[in-house]
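Participant: Sequence:
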Amino acid sequence: MAISMAGGLLLALTVGVLLHETLDELLDDGLQESAEVLYGLLSQDQDLILRHRGMLPAPSHEEGLVWQLIGRDGEVALRSHRAPTQPLTANRASGFSDAPLWRVYSLPLPQGEAMLHVAQSEDHRHHAQLWTVGGSLALALLIGWLTMVWLNVRLRAELKPLQELSEAVRGFDPLQPGAKLPQPARAELVPMVVALNDLAERLLARVAHERAFAAHAAHALRTPLAGIDMQLAVALREAPAALQPRLLQTREAAARLRRVTTALISLFRAGGQMNWQQVHLKELVATLPVRGVTVTVQGDDLIWCDPDLLSAALLNVLDNAARHQAAHVTVDVCTHERHIVLDVSDDGEGMSAERLEAVQHALQTGQGEDVLGLGLTLVDLVARNHGGHVQVSLGAEGTGCRVILTLMRHPAAWRA
11 MAISMAGGLL LALTVGVLLH ETLDELLDDG LQESAEVLYG LLSQDQDLIL RHRGMLPAPS
71 HEEGLVWQLI GRDGEVALRS HRAPTQPLTA NRASGFSDAP LWRVYSLPLP QGEAMLHVAQ
131 SEDHRHHAQL WTVGGSLALA LLIGWLTMVW LNVRLRAELK PLQELSEAVR GFDPLQPGAK
191 LPQPARAELV PMVVALNDLA ERLLARVAHE RAFAAHAAHA LRTPLAGIDM QLAVALREAP
251 AALQPRLLQT REAAARLRRV TTALISLFRA GGQMNWQQVH LKELVATLPV RGVTVTVQGD
311 DLIWCDPDLL SAALLNVLDN AARHQAAHVT VDVCTHERHI VLDVSDDGEG MSAERLEAVQ
371 HALQTGQGED VLGLGLTLVD LVARNHGGHV QVSLGAEGTG CRVILTLMRH PAAWRA
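Count along the sequence shown starting at 1, add 10, and that's the number in the working numbering.
These aren't lab readings, by the way, just hints derived from the structure by calculation.
As the structure is a computational prediction, the values presented were derived from the model and not from experiment.
Built from N, CA and C at the ideal position, the CB exists for glycine as well.
Be careful, since some hints might not be right.
[Stated by the list, open to error] Pair by pair, the computed Cβ-Cβ distance ranges are:
hint, residue 1, residue 2, range
1, A197, D38, 27 to 37 Å
2, W160, Q370, 43 to 53 Å
3, L404, W160, 50 to 60 Å
4, E177, W141, 50 to 60 Å
Could you put the whole structure together from the sequences, leaning on the hints where they help?
Facilitator: Structural data, given as structure tokens:
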């Protein structure tokens, strides 16, 4: 817009300069033609005319042009009623000259003894140029501005279908079965919409295949892991005391693997279809099989969520706190107009500043699963399925770890 306005002003100035020069030439042409007409009249009886002195009779009027006839003695012999009594110029040659306040065209009469000066005041010329150039520029700027407004309106109208398509794509979820972009208003956009819908179908099929594979793999691991846990329980009862710590660590590792498998099953079971229920968070947390930490839930614990998915997310957060030597975990529930915030903080070892920065960057960009690990990746996916996100920071006093889950407050808010 600024470039267009600058270009328009430059064009207007260029036109103004050219118009000024053209008008100057036209005024000079008029001055010369008037002098030539008077030359013809005054040349009829030059001697008789030169014997008269003063002004020729004329009605009172505003003169755009004045003229003088200079006699043999160099004085003004005849003049128009508004012409000065002194010669307009001392020029004795034919042609244009500039005198103070006047633009003069001079012609010597045939015998060469008298000189005809026809002049136009500079004020009159400037006034004519000002009105002509100024009016033309104003009209050009007005037309340019109206043209720019019209083009802007037309451009917005032409781009409106593309903007509507952009908004439709922004709210388009290709993972929803049967989801399709609406038919565009412009025929030129139809191939793009068809291509996007085809891409969405291929993406949905690919994701469904991967979800089915992951769910099948998780189910396949569930039974062996349960068997391993049973065998380790038997081994703990029968093994000598020296082997008890190692067997206990092995059983805890197997339990973590089983919890991750359970989380995967819950996540891929959802497949984007949320099982919204109203639950008490205290009761939900009490069912989580986490050892070694005590969990306190504070605030209004009645929330809407998918219990299986939220259990999987909280299980990973609590398990991570236990592995980092936390003894106590606090879950603060804060309810807002459209969201609920679960602020999970522990008193464990926390993480280094470099590690925390890398984790925060990975969560913000959605890249870096190797930085987040499987646990935080699952937590992030669960939060996104609830229409929210995850933040990680140090504890309130610079110790421990703080995981903040922001979730949609209600299914209606998710649909809105």
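Participant: Against each hint, give a clear statement of whether it holds in the structure.
Facilitator: Status of each hint after checking the structure:
{"no.": "1", "hint": "A197 / D38: 27 to 37 Å", "verdict": "violated (59 Å)"}
{"no.": "2", "hint": "W160 / Q370: 43 to 53 Å", "verdict": "holds (49 Å)"}
{"no.": "3", "hint": "L404 / W160: 50 to 60 Å", "verdict": "holds (58 Å)"}
{"no.": "4", "hint": "E177 / W141: 50 to 60 Å", "verdict": "holds (51 Å)"}
In summary, the structure is inconsistent with hint 1 from the numbered list given earlier, while agreeing with all the others.
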